[in-house]
Amino acid sequence: MSAAPAAQRPVSADGTSAHTSVERYGLLLTAPPARRGWRVLAARVGAMCAVELQKLRHDRTELYTRAVQPALWLLIFGETFTRIRAIPTGGIPYIDYLAPGIIAQSAMFIAIFYGIMIIWERDAGILTKLLVTPTPRSALITGKAFAAGVKALIQAVVVIAIAAVLGVALTWNPLRLLGVAAAVILGSAFFSCLSMSIAGIVLTRDRLMGIGQAITMPLFFASNALYPVAVMPGWLQAISKVNPLSYQVDALRGLLLGTHAHLGMDYLVLVVAAALGITAASALLPRLAR
Amino acid sequence: MKPPGTAGGATEATEAPAVTGAPGAAGVPVPDAVACSALEYAFGTTKAVDGLDLSVVPGEVFGLLGPNGAGKTTAIRCITTLLSVPAGMVRVFGHDVARERMAVRRLLGYVPQQLSADAGLTGRENVALFARVFDVSRRERAERVAQALDAVGLTDAADRLGKTYSGGMVRRLELAQALVSAPRLLILDEPTIGLDPIARTSVWEHINAVRSATGMTVLVTTHYMDEADQYCDRVALMHRGRIHALGTPQELRDDLRERRRREPGGSDAATTLEDVFRDVAGSGLDDQGGDFRDVRSTRRTASRVG
Chain F
322 MSAAPAAQRP
332 VSADGTSAHT
342 SVERYGLLLT
352 APPARRGWRV
362 LAARVGAMCA
372 VELQKLRHDR
382 TELYTRAVQP
392 ALWLLIFGET
402 FTRIRAIPTG
412 GIPYIDYLAP
422 GIIAQSAMFI
432 AIFYGIMIIW
442 ERDAGILTKL
452 LVTPTPRSAL
462 ITGKAFAAGV
472 KALIQAVVVI
482 AIAAVLGVAL
492 TWNPLRLLGV
502 AAAVILGSAF
512 FSCLSMSIAG
522 IVLTRDRLMG
532 IGQAITMPLF
542 FASNALYPVA
552 VMPGWLQAIS
562 KVNPLSYQVD
572 ALRGLLLGTH
582 AHLGMDYLVL
592 VVAAALGITA
602 ASALLPRLAR
Chain P
4 MKPPGTAGGA
14 TEATEAPAVT
24 GAPGAAGVPV
34 PDAVACSALE
44 YAFGTTKAVD
54 GLDLSVVPGE
64 VFGLLGPNGA
74 GKTTAIRCIT
84 TLLSVPAGMV
94 RVFGHDVARE
104 RMAVRRLLGY
114 VPQQLSADAG
124 LTGRENVALF
134 ARVFDVSRRE
144 RAERVAQALD
154 AVGLTDAADR
164 LGKTYSGGMV
174 RRLELAQALV
184 SAPRLLILDE
194 PTIGLDPIAR
204 TSVWEHINAV
214 RSATGMTVLV
224 TTHYMDEADQ
234 YCDRVALMHR
244 GRIHALGTPQ
254 ELRDDLRERR
264 RREPGGSDAA
274 TTLEDVFRDV
284 AGSGLDDQGG
294 DFRDVRSTRR
304 TASRVG
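Going line by line, the protein sequences match chains F and P.
Numbers 322 to 611, taken from this note's numbering, label the letters of the first sequence in order.
Numbers 4 to 309, taken from this note's numbering, label the letters of the second sequence in order.
Chain F extracted, bound-state conformation (with noise of 0.2 Å):
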């Protein structure tokens, strides 16, 4: 396919065009053919999850240190507030109501730094790479969004695992989890959108780090996480409504514990702030490529 190359120069010194064959490079000579239309979307997202998970297993460290918040979270928080008895959770006790808002805190805290990291590929000089291959931006955006789920996942696996020690009383219905999982990861799709859209805007990580620092705990308390919606004042009531935070901790609840939710409405608010969130981080991109 290559036109005939002009005139080779004579390769310098040691003559490294003697191990030079066709064989040795056969199928660095001809491009691979192109996927078309939503391949080209799923080949991507597989693309950046496995370079996420890749990670994941070199270097643990972040898996283990993020577990000590969440183990604490459960451990002080929600023991201390079981005995107290202070907050209405519908007869079960607070540990249990506590530890899904808890899974998707964690998983919030992980996704919503996410956008520092892709300033740092943009530093790196990473990003400008990925964004001169075949890959349009949304579905680079959405290949990250996806990627952060997945790290988020494993996170989420975790908690759940320290709830269960801690007596949490938990479903293993396997349908039940796969629910919980498309939760998480749609939950953090749309925090770490959230976050490279931020990083879009301000871009570089000192300012991107304040801003994840004020919006966290606001997000966290001002959504079901903690306690339930109808203890709130009305204002703080209408800020968890359009929380996608207390959604994806209803839909958690409800398939973990059992307890009433509304679990259609719960997947259409995540999809949907999933959705939007990648169009916005996808349409500030080119913001971090100049």
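Derived by calculation from the structure, the hints in this document are not laboratory data.
Yeah, the Cβ is synthetic: ideal placement off N, Cα and C, and Gly gets one too.
Treat the hints with care, as some may be off.
Take a look, some chain P residues computed to stay more than 10 Å from chain F by CB distance [said to hold, decoys possible]:
#1 T48
#2 V88
#3 P89
#4 R102
#5 D159
#6 E277
Label pairs and their in silico Cβ distance ranges [stated by the list, open to error]:
#7 M586(F) x R141(P): 32 to 40 Å
#8 R360(F) x G97(P): 21 to 29 Å
#9 P200(P) x L350(F): 25 to 33 Å
#10 R608(F) x A145(P): 31 to 39 Å
Using the hints, position chain P against chain F.
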């Protein structure tokens, strides 16, 4: 400093592509690997590229040289679709970069100035990522990745993490990442910056070995005039956003020597490509040589390599 118009070799710009321009095997004219016509790109009010005309012939190693801030990297970012330009300004193998982004990207292998391999992945995983995003089928992936690693001499180090690699090894790994998709045009932005002479030679030898096996075109920017002289078929000297001299290194050297001889009281001393560089860029390189961000990123790369 001379006015740009009188700088050496500027007149060659229009006729030079004929030097190595060859029709395809069947006699059908092959479009230029890269064709820029009156390319302009401005950051705010600063024109980084200002009327660049460039044609790179398929199969050649073309060197884009120039002082910091000459617009080399900006030009490359336009060619690689990273910066958007109006249609009609840049074509890669006949495909317009504004209209056929994806088609252009499939033809490109790109190694940016920064060390862009992922330190948290092994060499093999780094290359496999690029096999995946270029749609290499699962069946072919392992073998193709192995061949790309072999082509740059990293087979033995393939399963080590990127963070254990030396600067020269990272550069070769990036080369493997770019080669795994069998690009027809390999674009290298300062590929040997900060490397020691042995690593520099090694990088170039691998580029040349793969090139002679695949016939791909190479577009490279560099500050090292000796490298350009030794490895490039043709070079263009860029200054303030446009090309001021173009030709084979030999032609440019001879041209300058000839002009120096004809000057009153001129000498007949042998000229190097570096002399040509000085002649084009003037001696006052510091007056606008690269902005702060440009220099900072170069230094950062150099310190990471070293």
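Verification of the supplied hints:
{"no.": "1", "hint": "T48", "in the structure": "16 Å, holds"}
{"no.": "2", "hint": "V88", "in the structure": "13 Å, holds"}
{"no.": "3", "hint": "P89", "in the structure": "16 Å, holds"}
{"no.": "4", "hint": "R102", "in the structure": "15 Å, holds"}
{"no.": "5", "hint": "D159", "in the structure": "16 Å, holds"}
{"no.": "6", "hint": "E277", "in the structure": "19 Å, holds"}
{"no.": "7", "hint": "M586(F) x R141(P): 32 to 40 Å", "in the structure": "38 Å, holds"}
{"no.": "8", "hint": "R360(F) x G97(P): 21 to 29 Å", "in the structure": "26 Å, holds"}
{"no.": "9", "hint": "P200(P) x L350(F): 25 to 33 Å", "in the structure": "31 Å, holds"}
{"no.": "10", "hint": "R608(F) x A145(P): 31 to 39 Å", "in the structure": "37 Å, holds"}
Consistency note: the structure conflicts with none of the earlier hints.
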